[in-house]
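Trainee: The residues making up each chain are set out below.
4 protein chains.
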Amino acid sequence: MKRAKIVETDDINKNGEDEKHPNFIIPKLCSWMYDLKWATGTGGGMSVKHGDFIYMAPSGVQKEMIKSGEIFKCNSSGEVLEDAAGLKLTECAPLFMNAYLIRNAGAVLHSHSKDAVLASLVFKGKEFRISHQEMLKGIKKGSTNEPHKYIDTLIVPIVENVLYEKDLTRRMKKAIELYPESNAVLVRRHGVYIWGKNWQQAKTQAECYHYLFKLAVKLKQLGIEPDQTPAGEYGIAD
Amino acid sequence: MKRAKIVETDDINKNGEDEKHPNFIIPKLCSWMYDLKWATGTGGGMSVKHGDFIYMAPSGVQKEMIKSGEIFKCNSSGEVLEDAAGLKLTECAPLFMNAYLIRNAGAVLHSHSKDAVLASLVFKGKEFRISHQEMLKGIKKGSTNEPHKYIDTLIVPIVENVLYEKDLTRRMKKAIELYPESNAVLVRRHGVYIWGKNWQQAKTQAECYHYLFKLAVKLKQLGIEPDQTPAGEYGIAD
Amino acid sequence: MKRAKIVETDDINKNGEDEKHPNFIIPKLCSWMYDLKWATGTGGGMSVKHGDFIYMAPSGVQKEMIKSGEIFKCNSSGEVLEDAAGLKLTECAPLFMNAYLIRNAGAVLHSHSKDAVLASLVFKGKEFRISHQEMLKGIKKGSTNEPHKYIDTLIVPIVENVLYEKDLTRRMKKAIELYPESNAVLVRRHGVYIWGKNWQQAKTQAECYHYLFKLAVKLKQLGIEPDQTPAGEYGIAD
Amino acid sequence: MKRAKIVETDDINKNGEDEKHPNFIIPKLCSWMYDLKWATGTGGGMSVKHGDFIYMAPSGVQKEMIKSGEIFKCNSSGEVLEDAAGLKLTECAPLFMNAYLIRNAGAVLHSHSKDAVLASLVFKGKEFRISHQEMLKGIKKGSTNEPHKYIDTLIVPIVENVLYEKDLTRRMKKAIELYPESNAVLVRRHGVYIWGKNWQQAKTQAECYHYLFKLAVKLKQLGIEPDQTPAGEYGIAD
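Top line first, the protein sequences correspond to chains H, Z, W and D. Numbering of the first sequence is given in the working numbering, commencing with residue 5 and proceeding in unit increments. Numbering of the second sequence is given in the working numbering, commencing with residue 5 and proceeding in unit increments. Numbering of the third sequence is given in the working numbering, commencing with residue 5 and proceeding in unit increments. Numbering of the fourth sequence is given in the working numbering, commencing with residue 5 and proceeding in unit increments.
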């Protein structure tokens with residue numbers, strides 16, 4: 005596996021284990037998140053559904069070093085079936101469950117990216133908004149699973165942060181219900197939760213969301229409002 | 005292969021396949037583009053000509069994970085001869101064909117780099133312009149294949165973006181015809197198409213264009229106009 | 005080992021050496037610091053305690069190339085027991101000893117990160133201060149080893165730099181004594197010393213501190229005071 | 005070899021070649037420069053002295069792909085003794101020779117870093133200047149080979165760029181003679197030449213110079229003059 009890159013293999017390894025199982029995918033995704041600085045300092049989290057079970061990374065560990073034997077197995081209600089010796093379940097668990105239960109997600113990640121934090125601060129209210137960017141197309145609408153159009157306005161709800169991560173559960177649920185098109189919830193001064201129908205979609209949407217967070221902050225610094233309909237732009241047209 | 009680095013090998017691999025074939029080069033170039041954040045979130049695209057055939061990456065997939073068996077083979081008019089099972093041809097295909105048909109390109113890439121997007125926004129009109137930069141020399145003039153001089157003004161035409169990528173075809177064609185010296189077309193709020201006589205030149209020119217896009221945005225932020233003839237600069241001279 | 009990533013192994017290597025020993029961990033951590041640009045140009049330093057002994061990287065060498073045979077072994081007072089042929093002990097030694105002797109650290113690192121330098125310059129006085137950031141939770145309080153709360157203000161003392169690194173010893177000691185909650189001391193226009201109860205905690209805390217240094221500078225540039233209680237932020241709440 | 009990292013080996017390889025020879029070191033250094041974006045788009049250059057001979061990378065090639073058989077061998081006057089089939093000697097050759105002949109360098113590199121270009125533009129005159137930075141200590145004074153002190157002002161002469169690289173030779177010579185303490189010459193809107201008594205020192209000094217170029221531009225953006233004696237900074241002192 006290379007830097008910030010996931011390699012999916014079809015192989016059964018020498019111990020007879022399926023490397024497409026979440027026990028192997030989650031460590032790779034955590035390492036990828038670490039490389040992108042979304043999960044340094046033991047921050048961030050990762051979860052993948054597989055059949056009727058939900059798998060989650062442990063809490064408070066160095067995310068780039070997680071091993072296949074350190075993943076928690078939960079049932080579809082989020083109750084731990086198999087824990088990882090000596091480790092604690094991620095505090096993100098009830099937040100991940102929001103996306104599984106309300107939005108039928110197949111994978112959920114939690115990033116502490118500085119770009120997400122800054123995006124939550126250049127927009128002071130309840131919504132991060134950006135429009136007229138090609139990368140919008142990489143993000144599906146929650147209600148229809150159709151991609152956003154270039155001219156759509158992508159809206160990501162922002163919840164205020166709290167002292168204890170589990171206390172975010174109720175307000176994240178509220179945000180998801182208020183914004184059924186969004187596959188992400190920003191947490192101000194904290195980070196972002198992003199999901200998809202499987203880990204591949206969660207990952208690619210996370211790449212698009214983070215791209216747009218970073219771009220929006222840069223646009224603000226250049227005096228361009230990210231959600232404004234373009235005006236005074238006169239490129240070559242038909 | 006290391007990060008953001010292409011390794012060209014002369015080897016015939018153990019399956020008797022030529023690793024210099026576009027089926028192998030395109031996945032490497034896509035992975036390199038992913039590492040540079042030009043092709044995250046399934047964005048971006050890559051195409052290489054080889055003999056009478058044109059090879060293209062598939063659409064809507066994770067660009068860093070493309071395998072040699074997933075490349076489309078087209079004839080010199082862009083008609084698909086061999087498709088990749090279960091995959092769709094890139095939506096960039098008609099745009100790539102513009103460069104092949106009008107400019108006799110040997111390879112074309114499409115980047116979603118944030119620097120290209122920002123460059124298309126600090127210049128509001130039909131042209132990105134930069135002058136008096138050494139890195140201009142790494143970019144050839146379309147008409148003569150001679151490199152730009154340090155004192156030349158490099159001009160990259162900018163087309164307005166549209167809802168569907170294929171609808172860019174006509175205006176990209178128009179831009180190419182209006183700007184015969186350019187080996188690139190910026191698409192505002194979207195990215196850039198860049199080509200060369202072969203993949204090596206497409207790649208090195210892409211590096212120079214992206215360097216200049218990033219530099220131009222930084223210069224604007226420092227209050228320096230990228231296309232202005234230097235004034236008030238008094239370094240050591242002869 | 006991949007970029008900016010530490011791999012801890014349980015293995016005894018083919019020479020019968022324990023790869024968890026500081027002789028192996030320190031080179032890996034130095035290489036990780038180099039990748040993060042905390043230890044380029046021979047700058048920076050690293051030290052780990054193991055049993056009754058303290059191990060330190062050599063001075064003035066390329067930090068990414070240190071080998072297991074090039075680590076100094078000291079007793080718990082910092083006196084060299086085994087030196088590394090042809091090499092000099094790091095000039096950070098008395099500063100590392102401050103953290104070992106006053107704060108019972110298990111590992112100490114010294115970074116020349118530009119973010120640390122800039123953080124020491126956007127705050128002009130004796131303290132770097134930041135509050136209401138989730139990443140505070142990744143940093144323990146010196147007195148209790150309990151994590152900071154989201155609403156706490158993290159304070160890092162700043163000492164003025166001097167001509168010779170050893171002359172920092174007294175003022176770093178003073179800073180540690182004045183700020184018993186801090187696990188770090190910034191040195192203005194120079195860098196930062198960070199420690200933890202073991203190398204893992206020193207590393208993860210270093211990631212959090214550097215994240216917060218970089219974020220604080222960006223916040224200042226956006227006109228947001230890093231240590232101000234949030235006002236006018238109206239995200240979704242309960 | 006990992007990203008942006010040089011590994012020096014003592015090994016004689018399986019072909020009986022000494023991997024410490026410039027034929028092996030130069031490709032590694034070029035690849036390292038590419039990773040740092042100092043040598044993208046075929047830009048940049050590298051040269052190492054070994055015994056009585058001077059070895060140089062070829063011109064106009066992808067710097068990250070140079071092979072051991074593609075290095076030019078010159079005598080101590082810079083005359084080519086062995087060329088590399090099908091390749092051209094770097095256009096930097098006469099500029100590299102300046103450092104070898106006037107300053108008795110053991111290795112010289114040429115970087116197109118954007119930070120060097122920007123540093124040459126935030127300082128408009130003949131000199132880049134920075135003071136009161138710890139990283140100054142990583143750079144030797146040309147006259148004495150003693151490191152700069154923290155309170156010294158590091159001065160790098162800036163020459164104006166020209167159309168053809170070889171025409172820089174005379175003014176670079178002038179700059180070297182006017183500034184005997186400097187181990188670097190900036191070329192405005194182009195890049196920088198940096199040397200050392202061997203490749204290790206050229207590399208570590210290059211890391212320090214580039215660190216200071218980047219820092220100086222950021223300081224200017226924060227309203228801090230890089231060469232100003234600190235005022236109003238009141239950290240903890242003795």
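In case anyone wonders, no lab produced these hints; they're calculated from the structure. Be aware that one or more of the hints could be misleading.
Copies of the same chain look alike in the list, so a pair counts if it works inside one copy or between any two.
Claimed, not checked - Below are the PhoX-like pairs computed for lysine-lysine, each with C-alpha atoms no more than 20 Å apart in a straight line:
id : residue 1 : residue 2
1  : K144      : K92
2  : K178      : K32
3  : K32       : K177
4  : K177      : K18
5  : K170      : K153
6  : K92       : K128
7  : K224      : K18
8  : K77       : K145
9  : K128      : K145
10 : K92       : K77
11 : K145      : K71
12 : K77       : K130
13 : K71       : K222
14 : K177      : K24
15 : K130      : K92
16 : K128      : K153
17 : K24       : K218
18 : K71       : K32
19 : K201      : K18
20 : K71       : K24
21 : K71       : K178
22 : K128      : K224
Trainee: Please sort K32 with K177 into within, between, both or neither, judging by C-alpha distance up to 20 Å.
Mentor: neither (28 Å within a copy, 42 Å between copies)
Trainee: What label fits K178 with K32 when the C-alpha limit is 20 Å: within, between, both, or neither?
Mentor: neither (31 Å within a copy, 44 Å between copies)
Trainee: If the cut is 20 Å between Cα atoms, do K177 and K18 qualify within a copy, between copies, both or neither?
Mentor: Cα proximity of K177 and K18: none, with 42 Å in one copy and 53 Å across.
Trainee: Given a CA cutoff of 20 Å, do K177 and K24 count as a within-copy pair, a between-copy pair, both, or neither?
Mentor: neither (30 Å within a copy, 44 Å between copies)
Trainee: Regarding K144 and K92, is the shortest C-alpha distance of 20 Å or less found within a copy, between copies, in both, or in neither?
Mentor: Answer is between: at 18 Å across copies they meet the 20 Å cutoff, but 33 Å inside does not.
Trainee: Can you tell me if K130 and K92 fall within 20 Å by alpha carbon in one copy, between copies, both or neither?
Mentor: neither (32 Å within a copy, 38 Å between copies)
Trainee: Indicate which option fits the pair K71, K24 if close means a Cα-Cα distance not exceeding 20 Å: within, between, both or neither.
Mentor: Both ways: K71 and K24 sit 14 Å apart in one copy and 17 Å across, limit 20 Å.
Trainee: My question is about K170 and K153: at a cut-off of 20 Å on alpha-carbon distance, are they close within one copy, between copies, both, or neither?
Mentor: Answer is between; shortest inter-copy Cα gap is 14 Å, intra-copy 34 Å.
Trainee: Please sort K224 with K18 into within, between, both or neither, judging by C-alpha distance up to 20 Å.
Mentor: Classified as neither: same-chain Cα gap 52 Å, cross-chain 53 Å, threshold 20 Å.
Trainee: Using 20 Å as the alpha-carbon threshold, which applies to K128 and K224: within, between, both, or neither?
Mentor: both (13 Å within a copy, 16 Å between copies)
Trainee: Using 20 Å as the alpha-carbon threshold, which applies to K201 and K18: within, between, both, or neither?
Mentor: neither (30 Å within a copy, 37 Å between copies)
Trainee: With 20 Å as the alpha-carbon cut-off, assign the pair K77 and K130 to within, between, both or neither.
Mentor: neither (34 Å within a copy, 48 Å between copies)
Hint check: violations occur at hints 2, 3, 4, 6, 7, 8, 9, 11, 12, 13, 14, 15, 16, 17, 19 and 21; the rest are consistent with the structure.
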